[in-house]
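Engineer: For reference, the chains in residue letters:
Number of protein chains: 2
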Amino acid sequence: MKGTVGFIGLGVMGKSMALNLLRKGFSLYVYNRTREKAKEVVAAGAKESASPEGLGAHAETIITMVTDAPDVEEVLLGPKGVIHSAKPGQVIIDMSTIPPEAVRTLSKTFAERGVEVMDAPVSGGRSGAVEGTLTIMVGGKKETFERCLPILQAMGSRITHIGSPGCGQVLKACNQILCAVNQIAMAEALSLCHRTGINLNTMHHALTGGAGNSWAFEHLGKKVIERNQKPSFKIHLMQKDLDIVLSAAKRLNLPLPGTALAQVLFRAVQAEEGGGELGIEAMIRAYERMGNFTLRD
Amino acid sequence: MKGTVGFIGLGVMGKSMALNLLRKGFSLYVYNRTREKAKEVVAAGAKESASPEGLGAHAETIITMVTDAPDVEEVLLGPKGVIHSAKPGQVIIDMSTIPPEAVRTLSKTFAERGVEVMDAPVSGGRSGAVEGTLTIMVGGKKETFERCLPILQAMGSRITHIGSPGCGQVLKACNQILCAVNQIAMAEALSLCHRTGINLNTMHHALTGGAGNSWAFEHLGKKVIERNQKPSFKIHLMQKDLDIVLSAAKRLNLPLPGTALAQVLFRAVQAEEGGGELGIEAMIRAYERMGNFTLRD
Chain A
1281 MKGTVGFIGL GVMGKSMALN LLRKGFSLYV YNRTREKAKE VVAAGAKESA
1331 SPEGLGAHAE TIITMVTDAP DVEEVLLGPK GVIHSAKPGQ VIIDMSTIPP
1381 EAVRTLSKTF AERGVEVMDA PVSGGRSGAV EGTLTIMVGG KKETFERCLP
1431 ILQAMGSRIT HIGSPGCGQV LKACNQILCA VNQIAMAEAL SLCHRTGINL
1481 NTMHHALTGG AGNSWAFEHL GKKVIERNQK PSFKIHLMQK DLDIVLSAAK
1531 RLNLPLPGTA LAQVLFRAVQ AEEGGGELGI EAMIRAYERM GNFTLRD
Chain B
1281 MKGTVGFIGL GVMGKSMALN LLRKGFSLYV YNRTREKAKE VVAAGAKESA
1331 SPEGLGAHAE TIITMVTDAP DVEEVLLGPK GVIHSAKPGQ VIIDMSTIPP
1381 EAVRTLSKTF AERGVEVMDA PVSGGRSGAV EGTLTIMVGG KKETFERCLP
1431 ILQAMGSRIT HIGSPGCGQV LKACNQILCA VNQIAMAEAL SLCHRTGINL
1481 NTMHHALTGG AGNSWAFEHL GKKVIERNQK PSFKIHLMQK DLDIVLSAAK
1531 RLNLPLPGTA LAQVLFRAVQ AEEGGGELGI EAMIRAYERM GNFTLRD
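Same order as they appear, the protein sequences are chains A and B. Counting from 1281, one number per residue, gives the positions in the first sequence under the working numbering. Counting from 1281, one number per residue, gives the positions in the second sequence under the working numbering.
Just to be clear, a hint being listed does not mean it is correct.
[Claimed, not checked] Computed footprint of chain B on chain A; a stretch qualifies when at least three of its residues, placed anywhere within it, have a C-beta under 8 Å from a C-beta of chain B:
no., region
1, 1315-1322
2, 1445-1456
[Unchecked claim] One side of the interface only, derived from the structure: several residues of chain B facing chain A at Cβ under 7 Å:
no., residue
3, 1476
4, 1541
5, 1543
Hints listed in this document are in silico derivations from the structure and should not be mistaken for laboratory results. Since we're looking at a predicted model, the values are computed, not measured. C-beta: ideal position from N, C-alpha, C; glycine also.
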């Protein structure tokens, strides 16, 4: 039997990550605000806790995978939060995407109880979570990172220790810049191709072999061309991440015009009803409306 | 002995492409305005012609690999141009990057002499040219494309027939959108990473494994981090290509804000002496000046 892990947040990503931990032989306690969402993981062998506090009483390592900083703070510091059952030597691994300074504050608060906080945000989306091939960027003490590596390896394939608490989130911010701005590249290339009447499949085949290729163009470009409506990474979540990027940039007086443009274009998609629930590849809709054409006939 | 090929334009790309044709057993006639540049290819077994017209007299297939539309027109239609020795059945493959409409005009002019013109612009840069792994996007008759395939296969690995003459250039324009805008993504991610004090090598290792990766970030990002000054694809050539993209977009009333931003940022690098001779990865210099920092200490 490997160590006991607590897992809070069984959304699209969290559920698959928790299932991978079970598969790799970890004993798992789970908690999710909406209990319905815990069913599949419990059926696979996890024990369910009625509160984060209760979960913390059983687990040496506690993973949080929720949406935003207030959600992380609620499950860790709220009335039924993990902090009320905190024991020295415990480790909290927050895998959500939140601002680096929120990680640092949590880290200080828990340090007073002898509990370490590591940030370990991920990239790779739903498929990476399902296949256990997430990219994981970790901030925290090097020795704690190494101790927790077997847990992280159950969920990801490229796992890098970046630096002190908060540094994982900084790298996640850099990653989101790449993801968001590569969508601009993809949307503009698809738009020009469509408007000149060239077959989009031919285009995709030709250009994925060249210097213009990207993960975004290869995977999400294909989704657009195939009219696959299943959202990859939702726009409203990307916008939350770009808020983190642009507020860091503001603090640093760092002009990031491309990232700002991406946020504007995603906003144009959010202007449609339900637009925020679409995947980031739906940025093409902003171009369709601006350019008065429909690529997806 | 395979067929005889004429090759006009032995610059950085053309020289390597010509050498690959020789290696694959093609008999080669070459012409370059600056004769000095023909030396290496002649030493490798090519015959040199004193003019494009002279070269055309010997070759069934003539490849042009020069900078811009006026250069292509000079070697094909000028006083000593290929047209003066044109013979029915000859094929001209222009592998330069020029506007699609320039290809269509040349195609019509040569059709009157029974000569076919195909456009076959490439992507993959210097390394693709050296290794014979270029992506080649071809516009022209399907049967002519198939007849010329062995020639193209000597220079490239992903070779796609796109459509009628000019269509290869449209796809090249789409490719250049991807290349240029992916540079914005890369420069902004590197800038934020540097300003937050995280090691750039660590960042590159972590993020090339994730959904933010691109050919640009993987290869040119590495060059920036390693302070490798050897230019990849020069900015002044990219600017010429973006002129082609943006003038097509203008004609189509297609708003391409990301591509326009890329052109502005490259212009800021060109504002430095010699900036246009730097590779496109030097876009980072625009961010360094805007943000008042130096990534390359």
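Engineer: Check the structure against each numbered hint from earlier and tell me which ones fail, lowest number first.
Structural biologist: Numbers 1, 5, in rising order.
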